[in-house]
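For the protein sequence lines, the chains are A and B, in the order given. Each residue of the first sequence is one higher than the one before, counting from 1 in the working numbering. Each residue of the second sequence is one higher than the one before, counting from 1 in the working numbering.
Keep in mind that the hints are not guaranteed to be accurate.
Said to hold, decoys possible - Pairs of lysine-lysine, BS3-like flavour, derived with a Cα cap of 30 Å: (1) B:LYS70 with A:LYS201; (2) B:LYS85 with A:LYS270; (3) B:LYS85 with B:LYS31; (4) A:LYS201 with B:LYS92; (5) B:LYS70 with A:LYS262; (6) A:LYS184 with A:LYS103; (7) B:LYS31 with A:LYS316; (8) A:LYS103 with A:LYS174; (9) B:LYS26 with B:LYS92; (10) B:LYS26 with A:LYS61; (11) A:LYS201 with B:LYS26; (12) A:LYS174 with A:LYS184; (13) A:LYS270 with B:LYS70; (14) A:LYS103 with A:LYS61; (15) A:LYS103 with B:LYS70; (16) B:LYS26 with A:LYS279; (17) B:LYS92 with A:LYS128; (18) B:LYS26 with B:LYS85; (19) B:LYS38 with A:LYS201.
Hints were generated in silico from the structure; no laboratory data involved. Because the structure is a prediction, the values reported are computed rather than measured.
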Amino acid sequence: MITRRSLLEATGTGAILVGAGHALSRFANLAEAQAAALNLPSQLPDGARREAVLDALPGKKPLIKLSYRPPNYETPVELLRTAITPNEAFFVRYHLADIPEVKAETWRLSVGGEGADGEISLSLDELKQLPAVEVAAVCQCSGNRRGLFEPHVPGVEWGYGAMGCARWKGARLKDVLDRVGLKKEALEIVYSGTDKGVVDKTPDFVKSLPVWKATDNTTLVAYEMNGKPLPHWNGFPARIVVPGWTATYWMKHVSKISVVTKPYEGFWMKSAYRIPVGKFPVVARFASQETAVNTPITEMVVNSLLTSHINGATVKAGGKVTVSGIAWDAGYGINAVDISTDGGNSWIAATLGEDLGRFAFRSFSHGVTMSLKGNYQIMARATNKIGQSQASALIANPAGYHHNVIQTLHLVSV
Amino acid sequence: MRSIIIAGLSATFCGVFAMAAAAGEKPIQLKKAPGADKVEANCTACHTLDYIPMNSTFLNAAGWDAELTKMINVFGAPINPADAKIIGDYLKANYGQ
C-alpha cells in the first residue's frame, strides 16, 4: 500500500517521476505508481512490484524494501552511479531474523577446530593489531536480479540493486588462521555470525570456504567499510570479505571460525547456494563441496549495469546523450565495456573510468548520438581480461543465481 | 597475545541482545480470505508476510506446497498438519498462478 511518505521519498530519490516522463494519471492504481516511482524492473513478479516500498533502516538512506524481517533491502539504481557505494546506501540482506546488535567491547572472534593446531579468541582490538589490508571490492548477492528470471523462481525477488562496492579494511583471514596454525589435513574453513533463526530448529547460517580461497591474500576479516566502522546492517563489528566471490560467503557479525578436515555438511553449504555443474563459465572451484550434478556458487560472473538513466527516460533529440554505468567481474579485471544502439548487431567500446582495483566496480561512459526523435535501445556488454562476456540469454538454474544477461536501456528522444 | 578459550564458545555470544523486529516494520495486509488468520498466526514469528506477495503470482499449487514443506521440514516451522493444510489452500487460492 502506498503512503504519502513513501511516495514522497520515492520521488525525492532523483526526480524519477518527472524525469521518466511518468504522470500519476497514467497508472491504473497507486501500487503501479509506486512501482514506477521506485523504477522497479517491469520483469519483476507482479506481487513483488506491488509490495516493494522505499523504507529507511536506522542509519540507512531509504532503500527498496523487499522484506522487513529478516530485512532485505536493495539499493536503487540511481544510488549506484559511483564506483564506490556509500555505506548508508549499501544493500542489506539477511536470511534469519534474530539479529543481535553486537557491542564492539564484548565481541569476540573464536578461532579453532579439529583442523587447527590451537585455538584463540580475539577481541576487536586484537584483530586490529594484525596487519591491516584494504581492498575495494564488489559485494553482490548470488541472487541479484533473481526477480528478472523468466520463468520466475521463488526467493527474495531482487531487481538490480542487491550489490555494492566498498573499500573494505581488515586483517587477512590468512593472518588470523596463522595465529592457530592449520594442520596439513585442513580442508575447509567454516564460519558463522551472531545472527540466527527465531526457532531453534532453523539451520544456523554457516558457510565454508576452501582453504585455498580462505588463505588468499585478499580474503579479509574486515572491520571497516569506506573508512568507517561497518554499519550494523552490513555486519558490525566484523565480517568476512571474499573479493570476487558472491556475498553468501561474506559472513556478517562473524564470531566463530573453525578449521575442518571434512567437507562441511550444513544446509547453507550442502543444499543452498548451489548451481548446476557445467552451465556457467566460472573458473574458481570448490572441489570438496562438488557433487556430480551441482556445486557451490563461487565467483561472480562478469556483468554491467547502465545507471545514468532510468529505464524509459526522456532525453532531448538532436544531440549527444552520455550513457554511463558500472562493470565488474570476479577479479580478473574488466577489459572492455561495449555499447550497442542497434539491438546488438554492432558494438562500440565505451570509455572506461578510473581503475580502483580488479575487484571493484569499473565505471564506463559513452556518448550516443540521438539526432532523431523516437525510441532508442542502449545495450551494454562487459568483457573481462580472461575473455568472459555477459550472457545474451538467461542461463536457467533452480535458485535464480548469476543473472548477467545483457541489459537493454530504453530511452525516448523527444 | 595468544589466549586459549577455556570457558567455551558461549563467550562469543556475551553482551549481545536480540532485536525483536526491524525498526519501522509496517504490518503487511494479506488478502482477506479463509485461512489468512492461520497464515498470520504461524508465519510471522520468523518472517514478515511480505514474503508471500513478493513470491506471487507465479507459483502453482506444487510450488506453494514446496515452499510450505521447506518452511516446516528445512527451517523447522512448528506448524501442525491441520494448519499447514489451511495455509497451503490459502496461498494457492490467493497468491497462486
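Taking the hints in turn, this is what the structure says about them:
1. B:LYS70 with A:LYS201: holds, 12 Å
2. B:LYS85 with A:LYS270: holds, 29 Å
3. B:LYS85 with B:LYS31: Distance of about 18 Å is within 30 Å: holds.
4. A:LYS201 with B:LYS92: holds, 26 Å
5. B:LYS70 with A:LYS262: Satisfied, since the Cα-Cα distance of roughly 26 Å is no more than 30 Å.
6. A:LYS184 with A:LYS103: violated, 35 Å
7. B:LYS31 with A:LYS316: Since the Cα atoms of LYS31 (chain B) and LYS316 (chain A) sit roughly 44 Å apart, the hinted pair is violated (cutoff 30 Å).
8. A:LYS103 with A:LYS174: Holds, because 25 Å separates the two Cα atoms, which is no more than 30 Å.
9. B:LYS26 with B:LYS92: With Cα atoms ~24 Å apart, LYS26 (chain B) and LYS92 (chain B) stay inside 30 Å; holds.
10. B:LYS26 with A:LYS61: Roughly 17 Å between the alpha carbons, so the hint for LYS26 (chain B) and LYS61 (chain A) holds.
11. A:LYS201 with B:LYS26: holds, 27 Å
12. A:LYS174 with A:LYS184: holds, 15 Å
13. A:LYS270 with B:LYS70: holds, 15 Å
14. A:LYS103 with A:LYS61: Judged against 30 Å, a Cα distance of about 23 Å means the pair holds.
15. A:LYS103 with B:LYS70: Not satisfied, since the Cα-Cα distance of roughly 34 Å exceeds 30 Å.
16. B:LYS26 with A:LYS279: violated, 40 Å
17. B:LYS92 with A:LYS128: The given pair, whose Cα atoms are some 52 Å apart, is violated under the 30 Å limit.
18. B:LYS26 with B:LYS85: Cα-Cα ~27 Å, so holds.
19. B:LYS38 with A:LYS201: Judged against 30 Å, a Cα distance of about 21 Å means the pair holds.
Going through the hint list in order, the structure does not satisfy hints 6, 7, 15, 16 and 17.
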